[in-house]
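Dock chain W against the given chain R, drawing on the hints supplied.
Read off the chains here:
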Amino acid sequence: MKARTETFWFWLFAGPAVVGFLIFAFIPMLWSLYLSLCRYDVIHPPEFIGLSNYFYLLRNDPAFWPSVKVTAVFALVNVPASLVSALAVAILLNQKVFLQGAFRTVFFLPSILPAAASTAVFVFIFDPDNGLLNSLLAGVGITGPAWLTSSEWALPTLILISLWGFGSAMLIFLGSLQGISQELNEAAAIDGAGTWSRFRNVTLPQISPVIFFNLVMGVIGALKVFDLAFAFGAAQGKEPGGPARATLFYVLNLYDKGFNYFHMGLASAMAWLLFIVVVALTVFNFWAAKKWVHYNN
Amino acid sequence: MDIGDAFVRSSKRGKPLQTVSRAHSRIARYGNSHALHGIDPFWKGAMILRMSLPWRSLLLYSLPLLAAAGFWHAAFPIAREDQDSTKTQITWLAQISSERDAQLQLVKDFERENPDISVRVLWVPPNQYQVKLKTLLAAGLVPDVFNTGDIWLAYMLPFLKDLTEFTERDADDMDLEDFYPDVRNEMFKGGKCFYVPVSMNVSLLYYNEKLFEDRGVEPPTADWTWSDYIDAGQKLTGMNAEDRQVWGSTITGGWWGEWLILVRQAGGEIFSEDGRRCLLDTPEAIEGLTFYADKMLSQKISPPAGRGPSTGFASGLYAMSLGGHASSWITYNQVPGLDWNVQVLPAGPAGREGGEVALAAYGMASTSKHPEAAWRFIKFLTSPDAMERTGGTGLPVRQSVAAKTLLAPERKSHPRDAGIVYEQLKFSRTIPRLPDFIEVTMQIIQPEIDLLLEGRQSPEEAARRATASANAFLDTLAVETKGDSR
Numbered sequence: 001m002k003a004r005t006e007t008f009w010f011w012l013f014a015g016p017a018v019v020g021f022l023i024f025a026f027i028p029m030l031w032s033l034y035l036s037l038c039r040y041d042v043i044h045p046p047e048f049i050g051l052s053n054y055f056y057l058l059r060n061d062p063a064f065w066p067s068v069k070v071t072a073v074f075a076l077v078n079v080p081a082s083l084v085s086a087l088a089v090a091i092l093l094n095q096k097v098f099l100q101g102a103f104r105t106v107f108f109l110p111s112i113l114p115a116a117a118s119t120a121v122f123v124f125i126f127d128p129d130n131g132l133l134n135s136l137l138a139g140v141g142i143t144g145p146a147w148l149t150s151s152e153w154a155l156p157t158l159i160l161i162s163l164w165g166f167g168s169a170m171l172i173f174l175g176s177l178q179g180i181s182q183e184l185n186e187a188a189a190i191d192g193a194g195t196w197s198r199f200r201n202v203t204l205p206q207i208s209p210v211i212f213f214n215l216v217m218g219v220i221g222a223l224k225v226f227d228l229a230f231a232f233g234a235a236q237g238k239e240p241g242g243p244a245r246a247t248l249f250y251v252l253n254l255y256d257k258g259f260n261y262f263h264m265g266l267a268s269a270m271a272w273l274l275f276i277v278v279v280a281l282t283v284f285n286f287w288a289a290k291k292w293v294h295y296n297n
Numbered sequence: 001m002d003i004g005d006a007f008v009r010s011s012k013r014g015k016p017l018q019t020v021s022r023a024h025s026r027i028a029r030y031g032n033s034h035a036l037h038g039i040d041p042f043w044k045g046a047m048i049l050r051m052s053l054p055w056r057s058l059l060l061y062s063l064p065l066l067a068a069a070g071f072w073h074a075a076f077p078i079a080r081e082d083q084d085s086t087k088t089q090i091t092w093l094a095q096i097s098s099e100r101d102a103q104l105q106l107v108k109d110f111e112r113e114n115p116d117i118s119v120r121v122l123w124v125p126p127n128q129y130q131v132k133l134k135t136l137l138a139a140g141l142v143p144d145v146f147n148t149g150d151i152w153l154a155y156m157l158p159f160l161k162d163l164t165e166f167t168e169r170d171a172d173d174m175d176l177e178d179f180y181p182d183v184r185n186e187m188f189k190g191g192k193c194f195y196v197p198v199s200m201n202v203s204l205l206y207y208n209e210k211l212f213e214d215r216g217v218e219p220p221t222a223d224w225t226w227s228d229y230i231d232a233g234q235k236l237t238g239m240n241a242e243d244r245q246v247w248g249s250t251i252t253g254g255w256w257g258e259w260l261i262l263v264r265q266a267g268g269e270i271f272s273e274d275g276r277r278c279l280l281d282t283p284e285a286i287e288g289l290t291f292y293a294d295k296m297l298s299q300k301i302s303p304p305a306g307r308g309p310s311t312g313f314a315s316g317l318y319a320m321s322l323g324g325h326a327s328s329w330i331t332y333n334q335v336p337g338l339d340w341n342v343q344v345l346p347a348g349p350a351g352r353e354g355g356e357v358a359l360a361a362y363g364m365a366s367t368s369k370h371p372e373a374a375w376r377f378i379k380f381l382t383s384p385d386a387m388e389r390t391g392g393t394g395l396p397v398r399q400s401v402a403a404k405t406l407l408a409p410e411r412k413s414h415p416r417d418a419g420i421v422y423e424q425l426k427f428s429r430t431i432p433r434l435p436d437f438i439e440v441t442m443q444i445i446q447p448e449i450d451l452l453l454e455g456r457q458s459p460e461e462a463a464r465r466a467t468a469s470a471n472a473f474l475d476t477l478a479v480e481t482k483g484d485s486r
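These protein sequence lines are chains R and W, in that order. Counting in our numbering, the final residue of the first sequence is number 297, and the numbers go up one at a time with none missing. Counting in our numbering, the final residue of the second sequence is number 486, and the numbers go up one at a time with none missing.
I should point out that these hints are in silico values taken from the structure, not numbers from a laboratory. Every value quoted in this text rests on a predicted model; they were computed, and no experiment measured them. Every residue gets a Cβ at the ideal spot worked out from N, C-alpha and C, and that includes glycine. One should not assume that every hint holds.
Chain W side only, calculated, beta carbon under 10 angstroms to chain R, not exhaustive [said to hold, decoys possible]: (1) Val131; (2) Leu137; (3) Ala139; (4) Gly254; (5) Gly257; (6) Pro303; (7) Ser310; (8) Asp450; (9) Arg456; (10) Ala472; (11) Phe473; (12) Thr476; (13) Leu477.
Simulated restraints on C-beta separations [said to hold, decoys possible]: (14) R/Pro114 <-> W/Ser458: 35 to 43 angstroms; (15) R/Phe26 <-> W/Lys369: 36 to 44 angstroms; (16) W/Arg416 <-> R/Ala138: 32 to 40 angstroms; (17) R/Leu76 <-> W/Ser272: 36 to 44 angstroms; (18) W/Leu66 <-> R/Phe26: 19 to 27 angstroms; (19) R/Pro114 <-> W/Arg464: 37 to 45 angstroms; (20) W/Lys369 <-> R/Trp31: 26 to 34 angstroms; (21) R/Phe8 <-> W/Leu66: 21 to 29 angstroms; (22) W/Gln128 <-> R/Gly141: 43 to 51 angstroms; (23) R/Leu76 <-> W/Lys192: 48 to 56 angstroms; (24) W/Arg100 <-> R/Phe124: 24 to 32 angstroms.
Next comes chain R alone, as it looks inside the complex (with noise of 0.2 angstroms):
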């Protein structure tokens, strides 16, 4: 009687997130499986292709390598930036100084902020003739390159402003580093162990859980990079992507391949690729935590 009446009630509370995620995520999802394996063009009704989608993004089409790559670089370079900045940060907001929520909050305040329009203020900064950047540069003799405008510095001023928004991470940081045990860094002090000894030797295996939260969130979040490589060419007045691809992140090749020229199915293998190697890697990164993430049990 008791199981029947505990039933009853996971299924009262939890019925309406259950029957919303079969709905909204499940059957889209297994949808769009079904569409990845057709042509459709949303106006006309899906054709049943087999495996051609699959087969035109990995052989033909001249869009989705360079698209992989940008996303690559992105995230080799992005998340291990943004984690050793966030922690720093974290580790510069945790000591007890004048003023100290101020500086907090002035941290994390540009995580807060749209990334359109801290992109519109970033692309003007980069502008390569009239950006706050170059006019700097110039005035002690140095021409800029074209920060926004050259396929070979493009992603790289992506990435830099990309960077603005550790906020997120620096929090949890901030969060892990209060409530590690002093005990243990006092016992290492009095065993002769320097700052970086005991930063190294104790601080960090306390904090390892949320390096590896941090980590597997920014790996998945870098992945999936589409509001600020729209708003970078959006706040140009250009067609997102570019120049010559250099800032095509993949989800944003998603986007125009869906939305913008309604090939449905390839948008849908294209998702379901990301999927694929979304979850593999998150695998490897829970296999690999193992050797490195400390836990307290």
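Just chain W, lined up with the frame of chain R:
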């Protein structure tokens, strides 16, 4: 401790709701309803409400249902009938622009002249127009009247009503002869009419008269060739009196606006007649691309890729601009001291022909339930009076409208030689009628052109790579085309 006591104690500490919650769970477990005796009636009522679990579950389930109902209602705005059942309601998917007020006034005037018809206007930002239209097409909710034109014609063809019968029937009423002959030819291309043009853009050679005068260079003439253009560009490139860099010409990057003209003027084509093959790797097309890149890379009359004043020709630091767009005229005329004019395009190796004419037009949905009403509205929107009132961002396609506006003798604003527009029109063509033209050009060819302008690949390499990728696309994904794509 009795649950009633717990509530009273807790409420004294100012936490009535937490206690109600705790009380409720205990009541639910033990059915200890007598515990409510002696409690304030307000909190007692609140407790009873909290205990009424069916209400809570109802609330939980009703919220998503309400949201779903809202979405359902919002999803079918076009299907809703006009409140006034004596009127025929048509829907117009209109682009938001600076002419919005004028267009709204047109709708009011139309409704006054046609009391049996009401027009429902759905406003969409220009950059989302095609996505919105396609989404409505997919949902089977096509508006009766929508913007189209030569660029979108091929894609929209399956959903556009053939207006040939209407135009033949009302030829006198709508004064078809008033449209410029070249516009009329495009309108009836293939013997059928699918849209009625309202304005156009024509590729031109724009030039800054003051910069020419300052350097003592003769302004462009109608017999200029590519070499005249380069010669003048080289003479005009240099520092001005304020020690600012002046460039002989702009170079249009990011879209086909300039390089397609040059490819055509060199005798090349971007696609085959049936639209199934990309022809950008032919020697003629490569010659056009070479000229385009050389302006910047070897002749140096244009700034390096991605450089130069971001406001372009309006900055007053470019002597010429090849291609251009009439929608910029308003901006140019708002820049103090910008003395500019236009000339026909310089002739290429294969002649002067190859400039682009782009027609903005109105079309009717093939599924419109009220074709007569929609046709009356299209006729009204493309009447000389309506064009005169809303033609701020395009060039007139009717001779009577041009005579009163662009070619009016009393007109004071630039360009002085506006009649050149209609000279150039004779040498202009629309872009190929290929449903995937924009995708192939912007997503497949343009990135190779970007690399060409950066000097990272030769014109031959860019043409070869673009052609191979475009043909792979056309073989695999292209929407089926019928007939002549040009």
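Results for each hint:
1. Val131: With a closest approach of 6 angstroms, the W/Val131 hint holds.
2. Leu137: 5 angstroms, holds
3. Ala139: Result: holds, 9 angstroms to nearest chain R Cβ.
4. Gly254: 5 angstroms, holds
5. Gly257: 13 angstroms, violated
6. Pro303: Given a least distance of 9 angstroms, the restraint on W/Pro303 holds.
7. Ser310: At 6 angstroms from the nearest chain R Cβ, W/Ser310 passes the 10 angstroms test, so the hint holds.
8. Asp450: 4 angstroms, holds
9. Arg456: 7 angstroms, holds
10. Ala472: 4 angstroms, holds
11. Phe473: Holds: closest Cβ of chain R sits about 7 angstroms from W/Phe473, inside 10 angstroms.
12. Thr476: 5 angstroms, holds
13. Leu477: Check passed: Cβ of W/Leu477 comes within 6 angstroms of chain R, closer than 10 angstroms.
14. R/Pro114 <-> W/Ser458: 35 to 43 angstroms: About 42 angstroms separates the Cβ atoms of R/Pro114 and W/Ser458, which means 35 to 43 angstroms holds.
15. R/Phe26 <-> W/Lys369: 36 to 44 angstroms: 38 angstroms, holds
16. W/Arg416 <-> R/Ala138: 32 to 40 angstroms: Since W/Arg416 and R/Ala138 have Cβ atoms about 38 angstroms apart, the given range 32 to 40 angstroms holds.
17. R/Leu76 <-> W/Ser272: 36 to 44 angstroms: 42 angstroms, holds
18. W/Leu66 <-> R/Phe26: 19 to 27 angstroms: Holds, since W/Leu66 and R/Phe26 (Cβ atoms, about 23 angstroms apart) stay within the stated range.
19. R/Pro114 <-> W/Arg464: 37 to 45 angstroms: 42 angstroms, holds
20. W/Lys369 <-> R/Trp31: 26 to 34 angstroms: Since W/Lys369 and R/Trp31 have Cβ atoms about 31 angstroms apart, the given range 26 to 34 angstroms holds.
21. R/Phe8 <-> W/Leu66: 21 to 29 angstroms: 24 angstroms, holds
22. W/Gln128 <-> R/Gly141: 43 to 51 angstroms: Check passed, 45 angstroms falls within 43 to 51 angstroms.
23. R/Leu76 <-> W/Lys192: 48 to 56 angstroms: The hinted range 48 to 56 angstroms holds for R/Leu76 and W/Lys192, with Cβ atoms some 55 angstroms apart.
24. W/Arg100 <-> R/Phe124: 24 to 32 angstroms: 28 angstroms, holds
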